[in-house]
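Let's have the full structure, built from the sequences with the hints guiding it.
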Amino acid sequence: MSSFEDTNRYIRKAAAIMDLGDRMLNYLIAPEREMAVQVSITRDSGRISTYRGYRVQHNNARGPYKGGLRFHPSVDLDHVRALASLMTWKTAIVGIPFGGGKGGLDCDPTDFTPGELERITRRFTQKIHEIVGPQSDIPAPDVNTNGQVMAWIMDEFSKFHGFSPAVVTGKPVDLHGSLGREAATGRGVFLSAQAFVQSHKEKIAGNTVVVQGFGNVGSHAARFFHEAGCMLLAASDASGAVHAPEGLDVPHLIEHVRGGGPIADYSAGRQISNAELLTLPCDLLVPAALGDVITSDNAKDVRARIVVEAANGPTTPEAHEELEGRGIHVIPDVLANAGGVTVSYFEWVQNLQQMHWDEERVDQELSRVMAKACATVFTLAREHEFDLRTAAYIVGLGRVAKAAVMRGI
Amino acid sequence: MEIESERVSIREFESLRMTEGFDAQERAAFAEICVRRRYDDGETLFVEAEGTRDLFVLVRGTIRIAKTDAQGRSRTLASVAKAGAVFGEIALLLGDPRTATGTAVGELETIVVDPGRFDALIDDGRLVAYKFALNILKDISRRQAAMNETTLRLMGRLGIEHAGMAETVDDVTRLREKLLLNWNF
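Protein chains in written order, with the working numbering: chain A, 48 to 456; chain B, 50 to 234.
Honestly, the hints are just simulated from the structure, not real lab data.
It cannot be assumed that every hint is accurate.
Stated by the list, open to error - Okay, derived cross-link-like pairs now, DSS-like style, lysine-lysine, Cα gap no bigger than 25 Å in a straight line:
(1) K248(A) - K419(A)
(2) K250(A) - K419(A)
(3) K419(A) - K227(B)
(4) K131(B) - K180(B)
(5) K60(A) - K227(B)
(6) K60(A) - K250(A)
Quick caveat, the model's predicted, so the values are computed rather than measured.
Here's what the structure looks like:
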């Protein structure tokens with residue numbers, strides 16, 4: 048099943064429960080606009096390289112399209128479609144006034160010199176500038192793009208449309224970016240787990256945590272869990288995994304990784320495989336790296352109480368059914384990792400207000416938004432005995448459908 | 050303006066669709082329950098919403114069919130001049146109020162089936178009456194099929210995806226109610 052169809056499987060299930068009908072379902076599933084462009088640059092060597100770029104605008108009933116741009120050889124239209132629709136549901140579930148979009152280039156930035164990366168970014172912007180903008184479609188960083196890439200996009204766009212910092216989010220703080228953005232997704236992961244645990248009248252302190260993927264999201268999430276009194280039992284990155292039943296020293300591990308050290312070289316704990324990490328007994332399993340890491344092959348071996356999906360799509364639909372059937376709660380990606388896009392929204396608001404928020408305000412607003420979103424989803428799940436993913440998609444679908452019907456389809 | 054009525058001869062029915070399949074005896078029996086009526090220009094044969102049950106077969110002339118719209122204006126739906134055209138089948142068979150008004154355009158000649166005598170044939174179990182009713186149903190079915198074709202052609206010309214505004218309104222109304230009542234977050 049394709050990525051797009053995997054996403055649509057959850058949408059169809061929610062739509063059936065809500066009895067929205069086939070005609071509304073067709074409207075909700077289909078992307079509204081897809082743009083494919085050819086982007087060519089002359090390399091430093093004089094060679095011409097050509098790449099395919101996409102921007103899929105899935106739905107804007109609730110507000111401007113919102114979603115990242117990734118530079119990766121695997122970028123293709125079906126994958127971008129799926130990610131664009133995920134953004135529609137994510138922004139609706141967390142309750143920020145955006146729709147969903149996504150885009151990218153099928154290039155490998157590690158092949159580029161800094162000058163080449165800038166040229167291809169600007170050339171791509173030239174191709175899509177007519178369909179993006181502060182009130183229409185707001186890109187952001189994604190795989191292999193960062194604040195510098197966003198700065199180039201902002202600059203190139205501004206040449207056509209005037210100074211427009213709000214055209215992208217994820218900008219450097221010194222160029223109208225927002226404080227608190229870097230830790231936002233990890234903080235949201237922590238906040239969603241905390242809200243769930245507390246909704247069951249339990250305390251977050253004392254829970255054991257396993258994090259797969261110690262990049263930006265995983266490491267920040269681990270820090271917040273640690274600061275709240277949780278114990279990190281194991282962590283992994285692309286090089287390997289480390290396990291310590293007595294708990295890992297989170298600040299020390301973060302320092303090691305941020306200093307460029309792979310987890311395989313970490314001195315404390317016992318080295319294990321990534322596969323073993325996913326089956327460790329724990330309270331909270333946080334897959335924060337790749338998609339499809341919990342599948343029908345290993346779902347039966349997961350021994351966590353709760354899976355908190357920090358990555359996009361880490362659990363296949365079949366694995367999700369298996370986990371739920373075994374009484375393991377899954378806090379879905381569309382809710383758990385929505386902290387990042389929420390702070391992107393704050394950056395956009397600050398740009399439009401032309402007023403900079405301090406970090407404390409950003410964190411407070413993020414906590415408020417995540418708390419409200421979690422309460423809505425958890426309450427619906429409890430009242431109707433839905434799993435959390437179904438409840439989340441029903442909230443998202445309901446909000447998008449309502450906006451569309453009120454605006455007139 | 051005087052409405053003339055006179056007996057109808059059996060030969061009148063030999064070519065009419067509504068008496069298709071009748072043998073001679075049945076045609077004779079049917080002629081007994083019919084009268085010929087003539088109308089002058091502008092005379093009304095039947096009026097919208099009234100409860101009369103006469104069935105009319107056009108012999109000669111033109112009949113104007115009109116309906117009242119939501120603003121109370123009389124709108125002409127059709128002017129029919131085809132010999133053998135039938136009006137009032139639903140009124141005769143079901144007793145429903147007239148759905149339109151029929152008016153003579155110029156001199157008009159019709160054969161009228163008397164509803165009381167038709168009912169008597171039905172009550173007596175006379176086959177001729179049931180054959181007549183079946184022929185009416187066949188005619189209605191043919192007209193419905195033709196209307197479906199016409200609708201399809203119009204949809205094509207107008208670029209309409211789905212026929213029936215009511216269906217589209219129902220989608221929006223239904224969804225709005227459902228979302229606001231059941232799934233309002």
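**Asked** Are the Cα atoms of K250(A) and K419(A) separated by 25 Å or less?
**Response** Judged against 25 Å, a Cα distance of about 19 Å means the pair holds.
**Asked** Does the alpha-carbon distance linking K60(A) and K250(A) stay inside the 25 Å limit?
**Response** violated (32 Å)
**Request:** Assess, step by step, whether the Cα of K131(B) is no farther than 25 Å from the Cα of K180(B), and give holds or violated.
**Result:** holds (23 Å)
**Message:** Run the distance test for K248(A) versus K419(A): straight-line Cα separation, threshold 25 Å.
**Reply:** Given pair K248(A), K419(A) holds - Cα atoms ~17 Å apart, limit 25 Å.
**Request:** Measure nothing beyond the straight line between the CA atoms of K60(A) and K227(B); if it is 25 Å or shorter, mark the hint as holding.
**Result:** This hinted pair holds, its Cα atoms lying about 17 Å apart.
**Message:** K419(A) and K227(B) were given as a pair; does the straight-line alpha-carbon distance stay at or below 25 Å?
**Reply:** holds (23 Å)
Checked against the numbered hints given earlier, the structure breaks only hint 6 and satisfies all the rest.
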